[in-house]
Each structure stands twice: as C-alpha cells, then as structure tokens.
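> Following the hints, put chain B in place on chain A, whose structure we already have.
Chains as they are written, first to last, in my numbering: chain A, 1 to 306; chain B, 1 to 444.
In case anyone wonders, no lab produced these hints; they're calculated from the structure. Please note that the accuracy of each hint is not assured.
Said to hold, decoys possible - Derived pair list, reagent style DSS-like, types lysine-lysine, alpha-carbon separation capped at 30 Å:
#1 Lys54(B) with Lys152(A)
#2 Lys268(B) with Lys36(B)
#3 Lys36(B) with Lys66(A)
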Amino acid sequence: MEKKPLFQKWKTGLGKTRTGLLARLFASKEGINEAFYEELEEALILADAGAAVTERLLDDLQTIIKEKKIADRVSARNELAGLIAKAVTTKKPFSADSGAAVVLIVGVNGVGKTTSIGKLANSYHEQGRKVMLAAADTFRAAAAEQLGEWAKRADVAMVRHNEGADPAAVVFDAIASYKAKNCDLLLCDTAGRLHNKANLMNELGKIRRVIARELPEAPCETLLVLDAVTGQNAVAQARAFADVCELDGVILTKLDGTAKGGVVISICETLKVPVRFVGVGEAIDDLQPFDAELFAQALLANDAEA
Amino acid sequence: MAFEGVSEKLQAVFKRLNSRGKLSEADVKEAMREIKLALLEADVNFMVVKDFVKTVSDRAVGSEVLESLTPGQQVIKIVNEELTRLMGGEHAKLDFGNQKPAVILMAGLQGAGKTTMCGKLGAYIKKNYDKSVLLTACDIYRPAAIQQLQIVGEKLEIPVYEHGTQNPVLTAKEAVAEAKRKFIDVVIVDTAGRLHIDADMMEELKKIRDAVNPAEILLVVDAMTGQDAVNVAKSFHETIALTGVILTKLDGDTRGGAALSVRSVTGKPIKFSGIGEKLTDIEPFHPDRMASRILGMGDMLTLIEKAQSTFDEKKAVEMAEKMKTNSFTLDDFLDQMEQMKNLGSMEDLMKMIPGMDSSKMGQAQIDEKQMARTKAIIQSMTKAERHDPEILTASRRKRIARGSGTSVQEVNRLMNQFNASRQLMKQMSGKMKKGKRGGFPFGF
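For reference, chain A alone in the conformation it holds in the complex:
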C-alpha cells in the first residue's frame, strides 16, 4: 500500500500505545476461533466504536466469514476493515467544493472548531477561493483574537464583533461583507456549547435561519467538529446538534493522538452524515479530506505494520 503522510501520522500515534495487541492477533497462525472474536471485540471497544456497533460489526463479520469460508485471520481482518469503511462511506459531495457555499462550524467546547476553520480557510484560499470568516464565537475570552490570528496566517478576511455580542448579528454582518467583497466561501465559527443546554442550542438554529434568509442562493452545510478522544457521548452530541441546525457532516479532530474516533461509525450510520475532514496536527495544513479506507485501516492498525 502506498504510504500517504496522513496514514503515517495516524499510525505513529497508533503504534506508540497499542502494545502489539492486534499484531499478535493477526500474526497468529491459529484460525478463526472464539478468542479471535474476543480480541477483535476488545480492539473495537478500545477504539470507541461502542458496545452496540461492535456487536453488530462482529455479527456481520461472522456471517461473511461463513459465507466466504474464510479461514485465515488476515483476510478476516480485511473483511472487517471493509465493513467499517462501508459504514462511514458517503457518495454525497461536499457542497463547498462545487461553488459558493456557507459552512457553519459547530461543536461542544474544546474540540478544535476555531483551529479547524483556520485550516479550512487556508486550504480553500490556496485553492483560489475567496474566503470570508465570521467570528461568531462571541462568548469565550479571546476567541475572535484566536480566529483573527488564523485569518492572518491564511490571508483571508474576517468579520468580528466584541465579546458578548449576538453571534447571529456577527453572521449577518459577515454575509453583508461576503456579498460586498464578492467572496464565494463563508466559514462561520461558533462558540463551543454543550448539547444539553437548550438556550445555547437554539442560538444555533437562529444563526442557521439568518444564513438561509440572507444567502438563500448558497448551500449551507453544518459541520460538527468532534474530538477523536470523545467517547459514546459523541452520539448524543451529534443527535442534539442535528436537531437544531441540520447536521450535514463531521470533522474529526486530533486523530494524531492515540484515540481512533471509532464513535463516528455510529454517528455516520444513525444520522446518515459523512465525515468530511480529519485533523491530524497543529500545523495549518494538518486538516485533510476524510478517507474511509484509511480510517478503517487505522482503526485496526497494528505495530507490526507501522
């Protein structure tokens, strides 16, 4: 397999803590037995896939193994990776790639929303797009300053208000500026909010309505930023955000650590939304388009291959 830098970066993380568990598992000359499934269960659970998804994946794997009469562990593993990849694959293209669009970035506190926007801004700016940023996190101290720093690095324009201002008003002004400057991509940062706070969540609905009213011609995608280290609560997060602002996709950040982000399998399946990007580091170009195959491989990767 061709080694892409992204995959390597994922793997450096993986190799460091995974104490050869899967290496042992797949290198074993033993065939497919109870112990094999138990170890797979452990690997999936430790990757945060969740108990229910794990059980289902292993049931499906068992069926395939029987149907195809698979006897060796390497082929079985590839089948499992295929199942995972299938679960997170989407055919729907990202609307921002095909013309003028608005991207609303949402998520709980500390997942990497502002950083992801900075990286997105840079990437689309380099592709020749005219990008406008809306600093609609008016709550966290110095959030606008942080986004401003990214805007400077990426060389794109930004609209901000003072701390405590109405975030919908920031977006409104950013749209005016976006129109005046003939931009073709508006990226809106929002304050981190826990998904069980009704008032804060309603604020997002308002922002999305302002966008729909002021820029009806441009498609708007809401992307949920998820920290790969998050556990099963991510499912509740995704559901709640989908309820107030129509979720269109996920950005999975901090995949350069040892966490695998397996919880997105459940999110992709239940909400029928794709993962759009993955964050793999702190540099400005460390945000990459999501690759389902790589994700599945990384989820089941082992030391022997790293």
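For chain B alone, coordinates are given in the frame of chain A:
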C-alpha cells in the same frame, strides 16, 4: 442520553430469574452482562471494566439477598459499593505544600479546558482559602491563549503573569519569583495543551515542573473522554507524576466513565469538576456521587443533600407529627409544595432522580403554572375551610373558584389530589408505627 438506567435493566433480568435467597452464579452472570454494557456505554475503559466485573461477580455470587432488597438491588448495591471504593471515597482537598508560593501546575490535552479551569480554580482558592493567586500564561503555542488567560484574570480580578512567547520554562520561573516578591500565596501555571505521545512537548512539561517544584500537578480531563483516557492519564502520570485530576465539562449529559478509568490507572484523586460556562462553575469532586452517575442512576446523594439543606427541620418534625395524628391540612399541603419549590426547578430535580433520564423528561415535566394555580385555590379558602376541607359545599367551591380565577372542576381536582395524599400519609404513618423499614422509594 436515551439510555435506560442500569438499575431498571437489572430489575428486569432478575424478574425473569425470580431468584430467592442467595444469588446463583447464573443470576450473576446475566446481571454482569448488563453491568458491563452500562459501563462501556459510560466510556469506562474496557480493561477497567473487565477487572471490575470480575471483582463484583466474585462478591455477588453466593451473597445473601437481604430481605428488604430484591436480587437486582443487591447487585446494584455491590456494584455501587465497589465503584465508590474504586473512585476513592472521600473528597480530596487541595494540598498547598509548605513552600511559598505554592505552585499548581495544570496539564492536559488540547481542548480539555485548562485555561478556563485555571481561572475557576484561582477564584475558588481566593474565595475558599482566602489566599492570593497569580495566574501564569505558559501556553505559547495556541493563538491568543495568553490573551484568553488575561481576560479571564481580569474578569476575576486575579493578576496574570505573562512573558510573551518566550520559553515557557523561563516564564514559569519568573512568575514564581514575581509571586515571591509580591507575597502572593499561590501560583497557578497554565500550560499548552499537548498530546501525550508528543515526546518534545512532554519533555517541555517536565522541565516546567522541575523549574517550579509544584505542590499540586493536576491533569485536566474532559469528562466526555472515551477509551483513550487511560492512555492519556498513564502517559502524563509517568512523565510528570500527577498529584490529582480535574474533570471538566461535567455539566454535559455524559456519564463520565473516564473518571473511573483515570482514577484506576493513576491512583490519584479527582479533586475538582467543572460544571458550567461561568467562571464560578467549579465544585469539589465527590467520588461517591460519580458512581451512580456512571451507572445512569442519577445523583441521588446530591438530591438528598439538597433536600436536607432546604427542608426546614422543624417543619419536618411537625409534618411527621401530623402524619401520625392524621391531622394533615390544606395549609400543610401548600407548605409542602412551597418547600418542594425551594429545592430548585422541577427539571433539575428530576434529572437527579434515578430512572428519570432526559429522554423521558418530555412526558414527566411538572407544570409550574399548575402549581401556581393550586396555590391560588388554597389561598382563596377561609381558614376554617383549609383546616377542615370536609365543610366544602358546592357553593363554597364556587366562591373559591371565582376567587382564584379557576373553575369548580379545578377545585374538585385539587380536593381529590389532597384526599389521595392524605390517604397515603395515613398508610405511611401506619407503617411507621409498626416500626417496619420503609425501603427506598426509588428502586435503589
């Protein structure tokens, strides 16, 4: 979120088994599957779950089912005890050491909430220990991180030491020197978020630690962290020898299994938790309460404590007396309602009750407006009527309905409610007289 409490699931399992007397191995095995799933759903690390389930099964097999408990409750009791033991029973206090100034070093992954927590902790120390605090900005990497700490400091009126993006080891040292000069008691050092596998950054953290000799080295962990919490905590602990942990974002609806994972790999206590967006939203961590939250059983202890602090003890004694003599009047009914209101919003209360998960809140919401109407009805009665509701004739009821802006139907409904609760009181006082143990009202 939409997750049935483990308590209910266990009851269901045992209902099928219909165990009596002692718990058999088969009973326990089936129960353990539920426990295992509940703990995994709560994000407790897989390895920790395995060990835990083994301990609990060993204890549960052959144990006597107490008379007042069903087998399900018996297992829950053992699980709860073991969880509490694992979490470490008592709340662990801050240790300021014997050096002045005392240094508190904050470390953690990106986005765990370190900077905000530095501010919250500073304010907490100022208020509860009456010590002066200096915040120190050692995150030189994230854009505007220094500014964020400065704004937090300004809001809390706590001074912030920063020296731009120079080597954070130097900045930390300078801050301690500054604190010495100004006779400041506590220095809280905010550090950059870092991945536990980033060797260079972990080395930097070690150097900061060695330069300032902290009394407390606290790992800040997001309560929503999944399985990886174990790897993170282990690496940080191995590198800088933690003295404690702070759990942030506990105001979310996460079950917070990471708390158990972190505790079990580091052996260090969780000292505080972040419970909201405001800079005052910090609480000493209560390990025993976390156990039932992880199991999805709600926070009964907090509820009980809240009830104890709100309910007037004298009134409670009076009430008990009234129950015994069966002289419960409409005035008492109103009184009780008022006390309930003092406990806080119904919504908050419901959340603390086991089995009342948020998905069911929709149907179970109590109408506070209805409570106001009830109050109006009772207050529209004469003193005599309130003491002896038997005298309420049709014409009296009509007058009361007019006086309270309600209808006769509503007055009737209230009277039915009142009679029902009076009946209940009668039954309860009967039981109390016989000296029989009441058992828990909520299944646990």
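> A separate judgement is required for each hint: does it hold in the structure or not?
Results for each hint:
A distance of roughly 56 Å separates the Cα atoms of Lys54(B) and Lys152(A); the hinted pair therefore is violated under the 30 Å criterion. Pair hint Lys268(B) plus Lys36(B) holds up; C-alpha atoms about 24 Å apart against a cutoff of 30 Å. About 28 Å separates the Cα atoms of Lys36(B) and Lys66(A), which keeps this hinted pair within 30 Å; it holds.
Comparing the model with each numbered hint stated earlier shows that hint 1 is the single one that does not hold.
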